[in-house]
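Q: Here is how the chains run, residue by residue.
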Amino acid sequence: MKIGIVDTTFSRIDMGRIAIDELKNYAGVKYVRRTVPGIKDIPVEAKKLIEEENCDIVVTLGWVGRAEKDALSYIALSVGKIIAELMTNKHIIDVTIHEDEAEDEKTLLRVAENRVREHVRNAIDLVRNPERLTKHAGTGQRQGYEDIGPILK
Amino acid sequence: MKIGIVDTTFSRIDMGRIAIDELKNYAGVKYVRRTVPGIKDIPVEAKKLIEEENCDIVVTLGWVGRAEKDALSYIALSVGKIIAELMTNKHIIDVTIHEDEAEDEKTLLRVAENRVREHVRNAIDLVRNPERLTKHAGTGQRQGYEDIGPILK
Amino acid sequence: MKIGIVDTTFSRIDMGRIAIDELKNYAGVKYVRRTVPGIKDIPVEAKKLIEEENCDIVVTLGWVGRAEKDALSYIALSVGKIIAELMTNKHIIDVTIHEDEAEDEKTLLRVAENRVREHVRNAIDLVRNPERLTKHAGTGQRQGYEDIGPILK
Amino acid sequence: MKIGIVDTTFSRIDMGRIAIDELKNYAGVKYVRRTVPGIKDIPVEAKKLIEEENCDIVVTLGWVGRAEKDALSYIALSVGKIIAELMTNKHIIDVTIHEDEAEDEKTLLRVAENRVREHVRNAIDLVRNPERLTKHAGTGQRQGYEDIGPILK
Amino acid sequence: MKIGIVDTTFSRIDMGRIAIDELKNYAGVKYVRRTVPGIKDIPVEAKKLIEEENCDIVVTLGWVGRAEKDALSYIALSVGKIIAELMTNKHIIDVTIHEDEAEDEKTLLRVAENRVREHVRNAIDLVRNPERLTKHAGTGQRQGYEDIGPILK
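Protein chains in written order, with the numbering used here: chain A, 9 to 161; chain B, 9 to 161; chain C, 9 to 161; chain D, 9 to 161; chain E, 9 to 161.
So here's chain A without its partners, still in its complex pose:
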């Protein structure tokens, strides 16, 4: 299988490097990495990786700043990534770090590291072992933080 990785120069953490490091744990997974300026440039790059580079799936790595206009860009990214998926019938797994989701930089770094690695594993499962995701259906998985767990009777 072939996986696409798209990250940004806007991000304050080299998320693409983490994703590629995680891929080393999987034999036989080829990858192509592309870097764009910011999150609004991500959807078309993901679509190009699918259509021009024959990727089976793409993991996109975005970073959203604290300003209100950054939230607006996040909506545009989210709608855009879904339209790109609908045009290609392939999954694009969106990993986003919101700069205001943690108090300090150390925590952000840990969250980003975990979230990228977990979503790379999700992407590989979606292509190779979709039934592994079904085993975890409804279990309150949280990428980057500890899983919150299921609500049980």
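These are computed hints drawn from the structure, not numbers from a lab.
Nothing false has been slipped in among the hints.
Because identical chains cannot be distinguished in the list, a pair is counted as satisfied if it fits within a single copy or across any two copies.
With a straight-line cut-off of 27 Å between C-alpha atoms, the simulated DSS-like cross-links for lysine-lysine are:
(1) K143 - K114
(2) K161 - K32
(3) K10 - K38
(4) K114 - K161
(5) K77 - K114
(6) K143 - K10
(7) K10 - K32
(8) K32 - K143
(9) K143 - K38
(10) K32 - K114
All of these numbers come straight from a predicted model, not from anything done at the bench.
Given chain A, put chains B, C, D and E in place with the hints provided.
A: Using the frame of chain A, we list chains B, C, D and E on its own:
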């Protein structure tokens, strides 16, 4: 008829299991179940079930967290599910639980259980007995809670 | 001409019945009625009535609750109905009642009754007598309430 | 050249009449005018004027009320007009009056009159003399109000 | 390579002129410049430059006012530019100045000048040297302001 079921690992309740349990009450309904990480991954999976697995309709089972960014993802999901429907001319019935819509987990569990079952029945009626929905037009149906009922003269 | 009517089981008023009653005033207008669970299910049903039932125009009858997430669904409905129109080059006249737009149920009932009837007339004019709409251009028409009227020099 | 004009019965000012009056200053410009109920009906009418009436460009004339749901409709209109443009590769110049942008009706009337006329001129320039727009690039043009002017070193 | 430049008459700074000036530093880069009235007119012009003028990439130069409705237009622009990219499989680099992002006009002028020049360089790298962007992945690049830099362990 064949129905698609899409749920998430993010959800804290195994909504897919409830949907499949409800389907047992209906003879001759086949199903395919897929699980994706979160709600923004739902639209393309629903479209794939329609186009690649020949489902007549899909029920999608989403879970929206309490954070503001989760509301933004909910907009993207909603627009995406409608575009997927418009591209396929098939219904995708979206069942969403908002984590903040109930005070305690017990209530959430009951709401989710009811809402999933009622929307599975809606989906089957849309394909098999659309006139049954017309009988309930304008009657204030509320999936998950008690029906609020019609406003009468 | 053939008109499509789409309403919901979520609505607390049988808006479809009102629309069909209004149609009796017009000779030679055939109709097809479909009922879906909620407003996010409306756009694809409208598109199917145009493409599979050969309707010349569709009137959709939605009901928006008081919760904030209902406002988000209203955006999705609005964008979806416009995309459905752009894909078919046919008008879809959206009649929406917002549950919080009136103080009491009696007023809501009166507003809904008027708004549905006026928009059914608009739909018929759009197909049969578009110049009748032009006669009322810029006159501050308000469906459901009294017209607010034009601003004059 | 042929220009399309779309206005609404919701508007409180006959903006279509103003647009057509402005067109008299230009020789050889044909026009087609259509009126729809409200702003969400505008995008498909503009697309039909381009595709079915062979208009080179369309000027759409909308009126947005004071209610919050009117702002939501404005988003839908804006996204819809852009998608219509992308599907046709033609410009649709959107002239919108927001009922709350002026204190009194007299001012609204003056703003509307100016804004419509200026955007009709923009539309004609876009087709006939696009380089005239480039001459005014970055000069802080404001249609309806006085130009705010450029920021100079 | 051939680059498209789209700017507006609404902008208070001649951003197109700055972009073209920056292009002089690059040999063999041809350009086409178009000016439209405002930001909602940008996406279709960018698409036309790609499809009708064979541009490899487009840099769009927008200016967003202080009013709330300007924020709504910014969402529409952002979604529209992404859809235009998805329809053409080409990048459209969006450079936006928000009038309220700086206290005084002098700062706005400096931010705009820097942001336009940096994004022109990004656009050229995306076409000619995409690996140069990857070298800066995750380094907290900020166009217009000083780079914020990476978060390091």
